[in-house]
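Number of protein chains: 2
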Amino acid sequence: MTKVLVFGHQNPDTDTITSAIVYAHLKNQIGMEAEAVRLGDINNETKFALEKFGFDSPRLIENVSTEAKKVILVDHNEKQQSAEGIEEVQITEVIDHHRIANFETADPLYYRAEPVGCTATIINKIYKEKGIEVPANIAGLMLSAIVSDTLLFKSPTCTEEDIVAARELEQIAGVNVEEYGLAMLKAGADLSDKSLEDLLTLDAKEFGMGESKVIIAQVNAVDVNDVMDRQVELEELITREIQEKELDLFFFVVTDILNNDSVALALGKLALKAEAAFNVPFVNNTALLKGVVSRKKQVVPALTEALAE
Amino acid sequence: MTKVLVFGHQNPDTDTITSAIVYAHLKNQIGMEAEAVRLGDINNETKFALEKFGFDSPRLIENVSTEAKKVILVDHNEKQQSAEGIEEVQITEVIDHHRIANFETADPLYYRAEPVGCTATIINKIYKEKGIEVPANIAGLMLSAIVSDTLLFKSPTCTEEDIVAARELEQIAGVNVEEYGLAMLKAGADLSDKSLEDLLTLDAKEFGMGESKVIIAQVNAVDVNDVMDRQVELEELITREIQEKELDLFFFVVTDILNNDSVALALGKLALKAEAAFNVPFVNNTALLKGVVSRKKQVVPALTEALAE
Numbered sequence: 001m002t003k004v005l006v007f008g009h010q011n012p013d014t015d016t017i018t019s020a021i022v023y024a025h026l027k028n029q030i031g032m033e034a035e036a037v038r039l040g041d042i043n044n045e046t047k048f049a050l051e052k053f054g055f056d057s058p059r060l061i062e063n064v065s066t067e068a069k070k071v072i073l074v075d076h077n078e079k080q081q082s083a084e085g086i087e088e089v090q091i092t093e094v095i096d097h098h099r100i101a102n103f104e105t106a107d108p109l110y111y112r113a114e115p116v117g118c119t120a121t122i123i124n125k126i127y128k129e130k131g132i133e134v135p136a137n138i139a140g141l142m143l144s145a146i147v148s149d150t151l152l153f154k155s156p157t158c159t160e161e162d163i164v165a166a167r168e169l170e171q172i173a174g175v176n177v178e179e180y181g182l183a184m185l186k187a188g189a190d191l192s193d194k195s196l197e198d199l200l201t202l203d204a205k206e207f208g209m210g211e212s213k214v215i216i217a218q219v220n221a222v223d224v225n226d227v228m229d230r231q232v233e234l235e236e237l238i239t240r241e242i243q244e245k246e247l248d249l250f251f252f253v254v255t256d257i258l259n260n261d262s263v264a265l266a267l268g269k270l271a272l273k274a275e276a277a278f279n280v281p282f283v284n285n286t287a288l289l290k291g292v293v294s295r296k297k298q299v300v301p302a303l304t305e306a307l308a309e
Numbered sequence: 001m002t003k004v005l006v007f008g009h010q011n012p013d014t015d016t017i018t019s020a021i022v023y024a025h026l027k028n029q030i031g032m033e034a035e036a037v038r039l040g041d042i043n044n045e046t047k048f049a050l051e052k053f054g055f056d057s058p059r060l061i062e063n064v065s066t067e068a069k070k071v072i073l074v075d076h077n078e079k080q081q082s083a084e085g086i087e088e089v090q091i092t093e094v095i096d097h098h099r100i101a102n103f104e105t106a107d108p109l110y111y112r113a114e115p116v117g118c119t120a121t122i123i124n125k126i127y128k129e130k131g132i133e134v135p136a137n138i139a140g141l142m143l144s145a146i147v148s149d150t151l152l153f154k155s156p157t158c159t160e161e162d163i164v165a166a167r168e169l170e171q172i173a174g175v176n177v178e179e180y181g182l183a184m185l186k187a188g189a190d191l192s193d194k195s196l197e198d199l200l201t202l203d204a205k206e207f208g209m210g211e212s213k214v215i216i217a218q219v220n221a222v223d224v225n226d227v228m229d230r231q232v233e234l235e236e237l238i239t240r241e242i243q244e245k246e247l248d249l250f251f252f253v254v255t256d257i258l259n260n261d262s263v264a265l266a267l268g269k270l271a272l273k274a275e276a277a278f279n280v281p282f283v284n285n286t287a288l289l290k291g292v293v294s295r296k297k298q299v300v301p302a303l304t305e306a307l308a309e
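Chains as they are written, first to last, in full-length UniProt numbering: chain X, 1 to 309; chain G, 1 to 309.
Incorrect hints may have been included.
What the hints assert, rightly or not - Pair by pair, the computed Cβ-Cβ distance ranges are:
| hint | chain 1 | residue 1 | chain 2 | residue 2 | range |
| --- | --- | --- | --- | --- | --- |
| 1 | G | R59 | X | K125 | 33 to 39 Å |
| 2 | X | P281 | G | E305 | 39 to 45 Å |
| 3 | X | E62 | G | F153 | 29 to 35 Å |
| 4 | X | S195 | G | E104 | 32 to 38 Å |
| 5 | G | N176 | X | T2 | 49 to 55 Å |
| 6 | X | E178 | G | E33 | 49 to 55 Å |
| 7 | G | V164 | X | N285 | 57 to 63 Å |
| 8 | G | A276 | X | N284 | 46 to 52 Å |
Unchecked claim - No more than 20 Å apart at the CA atoms, straight line, and that leaves these computed lysine to any residue pairs for SDA-like:
| hint | chain 1 | residue 1 | chain 2 | residue 2 |
| --- | --- | --- | --- | --- |
| 9 | X | K130 | X | T105 |
| 10 | X | K297 | G | K297 |
| 11 | X | K297 | G | L247 |
| 12 | X | K130 | G | E114 |
| 13 | G | K296 | X | E168 |
| 14 | X | K47 | X | I242 |
| 15 | G | K70 | G | N44 |
| 16 | G | K70 | G | R59 |
| 17 | G | K213 | G | I257 |
| 18 | X | K297 | G | V89 |
| 19 | X | K3 | X | I42 |
| 20 | X | K69 | X | V4 |
| 21 | X | K297 | G | R59 |
| 22 | G | K297 | X | E168 |
| 23 | G | K79 | X | A187 |
Since the hints were derived computationally from the structure, they do not count as laboratory data. Glycine included, every Cβ here is placed at the ideal spot set by N, Cα and C.
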């Protein structure tokens with residue numbers, strides 16, 4: 001119980017998994033007993049990155065309070081995105097690049113957030129500040145996280161700092177980021193082994209927006225029609241989810257990783273708010289969102305504002 | 001309106017005022033148009049520090065939303081401690097050393113919190129990270145903040161980092177910290193020009209603890225009896241405040257800066273919870289809290305826990 005657990009959000013993506021591994025490594029280097037763990041299944045993209053750089057998947061935990069007294073959060077802070085039992089443990093540190101909400105502590109803590117594209121970009125900076133050398137395989141993980149979160153630098157969340165960090169890490173890891181990055185993104189966009197239930201939960205995050213409860217799920221695809229051809233079945237599943245979780249809005253985003261657009265499907269009693277949010281008509285519950293690829297920078301702020309009105 | 005305003009909490013203390021001035025200075029050095037402002041009257045201790053190092057008091061603002069679009073918070077994050085209108089402006093950055101609570105943004109931001117004794121200790125670190133020279137008078141302000149928040153290194157909130165920073169800043173500022181520090185604390189503990197209303201509001205902070213609304217006010221004194229001799233009148237004023245603000249608890253802490261103990265006065269319908277919080281009987285609504293000098297590290301966590309039960 002003295003060990004500190006390091007983890008990212010539920011429905012883990014590549015930044016969440018690799019940042020947990022990398023930050024636990026950094027903590028181990030400075031003498032803290034820290035273990036990276038995960039809150040859900042590893043997706044195909046992350047699996048590709050872990051295999052490439054020779055890492056096992058972190059251990060899955062169910063309820064954090066039976067596992068540890070102290071925890072470090074990476075890549076998230078909102079408690080509904082975090083581990084079960086999070087309110088019974090002490091959060092000693094947070095490294096994140098998202099808005100802050102639904103987060104509260106009893107005691108002071110280390111909190112490091114920067115408005116960059118990827119948690120790994122901040123962790124790379126911390127390695128330097130502490131003068132700790134970045135091994136090649138750790139660099140590979142951080143590079144994978146940046147590629148994933150910025151869609152190979154195409155997302156509007158991508159900052160100059162992310163690009164500079166990726167170029168450094170590319171050298172250390174000994175890979176070509178364009179080649180490796182596209183292969184990794186394609187591995188993640190391969191949805192052939194996924195059920196429709198999987199597509200709705202793989203990268204789903206819940207948000208409190210004012211008084212409303214919203215889930216925004218996102219998948220990457222090489223061809224969005226592979227997913228949207230099954231809209232009728234998707235709507236059935238989403239409608240059930242809305243009832244079970246008493247959601248006001250379920251917003252499903254299918255992102256075209258080659259053209260950097262998304263198709264959105266909006267359901268729930270606040271679905272019409274999506275029209276105002278993106279200034280586009282939704283026909284048959286769907287719309288093409290030109291140039292929209294980022295949940296954090298494009299979808300969440302637009303919906304937050306529209307729902308506040 | 002393009003200017004970014006930098007400010008600390010309501011009922012400003014020395015760390016809040018000087019950190020706003022110092023961080024605005026740092027931002028100006030890196031080319032940002034930033035102005036330090038304040039949300040309330042300057043106390044005697046802060047006045048002593050500003051005069052010693054040749055600074056004017058920052059401009060008082062009433063409602064931040066009529067003054068700026070973007071703001072930087074120092075030394076606080078909880079919205080009930082912040083400026084009126086805070087919800088209508090964008091918080092682009094926070095530098096703080098408190099717990100995080102009642103804080104929410106729509107967008108990602110810079111957030112730098114560390115569990116150290118004083119905001120100035122973190123800002124001193126940022127000057128170094130950015131390679132910006134600390135002028136002697138700016139060093140004097142940061143030193144004053146550390147002395148104030150750590151009660152000249154006697155508070156349990158004081159960390160090794162605060163002491164190291166103070167020793168560096170002492171050199172740059174060209175003062176003897178023990179001598180200057182005690183003079184500054186005594187200037188702050190001189191309550192002769194204060195009304196009882198002043199004592200209750202000078203350094204009062206409101207906290208949400210679970211469902212309860214709590215105000216914790218603190219004053220420093222050389223002789224606590226100067227204050228407690230007027231308990232009957234204090235209780236009248238506090239009882240009125242409890243009614244007006246619908247408080248569950250008003251906790252008034254008079255800290256003896258020479259012996260490093262405090263006398264507490266607890267009123268409100270949850271006043272009895274203070275006995276459990278500090279494991280001491282309250283007689284006639286008051287108790288001596290041996291070794292208690294820190295609201296943040298000793299009073300807030302103890303009351304938070306007791307009120308949660």
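Right, here's what the structure says about each hint:
1. Against the hinted window of 33 to 39 Å, the Cβ-Cβ separation of R59 of chain G and K125 of chain X comes to about 34 Å, which satisfies the hint.
2. Restraint check, P281 of chain X to E305 of chain G: a C-beta distance of roughly 53 Å breaks the suggested window 39 to 45 Å.
3. Hint check: E62 of chain X to F153 of chain G, Cβ distance near 44 Å, so the stated range 29 to 35 Å is violated.
4. At roughly 35 Å, the beta carbons of S195 of chain X and E104 of chain G sit within the given window of 32 to 38 Å.
5. Range check, N176 of chain G to T2 of chain X: Cβ separation about 42 Å, and the 49 to 55 Å hint is violated.
6. Judged by the Cβ atoms, the range 49 to 55 Å given for E178 of chain X and E33 of chain G is violated: they are separated by roughly 39 Å.
7. Evaluation of the 57 to 63 Å hint for V164 of chain G and N285 of chain X yields a pass: the beta carbon distance comes to about 60 Å.
8. Separated by about 60 Å at the C-beta atoms, A276 of chain G and N284 of chain X break the suggested range of 46 to 52 Å.
9. For the hint linking K130 of chain X to T105 of chain X, the alpha-carbon distance of about 26 Å lies beyond 20 Å, and the restraint is violated.
10. Taken as a hint, the K297 of chain X and K297 of chain G pair is broken in the structure, with Cα atoms around 36 Å apart against an allowance of 20 Å.
11. Restraint check: the Cα-Cα separation between K297 of chain X and L247 of chain G comes to about 39 Å, which exceeds 20 Å; the hinted pair is violated.
12. For the suggested pair K130 of chain X and E114 of chain G, the alpha carbons sit about 15 Å apart, so the restraint of at most 20 Å is met.
13. Proposed proximity of K296 of chain G and E168 of chain X is contradicted: the alpha carbons are some 41 Å apart, above 20 Å.
14. Restraint check for K47 of chain X and I242 of chain X: not satisfied, since their Cα atoms lie roughly 30 Å apart, outside the 20 Å limit.
15. For the hint pairing K70 of chain G with N44 of chain G, the CA-to-CA distance comes to about 30 Å; that exceeds 20 Å, so the pair is violated.
16. Proximity of K70 of chain G to R59 of chain G is assessed by CA-CA distance (about 17 Å); at most 20 Å being required, the pair is judged to hold.
17. Under the criterion of a C-alpha separation no larger than 20 Å, the hint pairing K213 of chain G with I257 of chain G is inconsistent with the structure, at around 28 Å.
18. Between K297 of chain X and V89 of chain G, the direct Cα distance comes to roughly 18 Å. Compliance with the 20 Å bound is thereby established for this hinted pair.
19. For the proposed pair K3 of chain X and I42 of chain X, the alpha carbon gap of about 23 Å is over 20 Å, so the pair is violated.
20. With a C-alpha separation of about 7 Å, the suggested pair K69 of chain X and V4 of chain X falls inside the 20 Å cut-off, and the hint holds.
21. Between K297 of chain X and R59 of chain G the CA atoms are separated by roughly 34 Å; this puts the pair beyond 20 Å, and the hint is violated.
22. Using a Cα cut-off of 20 Å, the hinted pair K297 of chain G and E168 of chain X is violated, with the two alpha carbons roughly 41 Å apart.
23. Of the supplied pair hints, the one linking K79 of chain G and A187 of chain X is violated, its CA atoms being roughly 44 Å apart against a limit of 20 Å.
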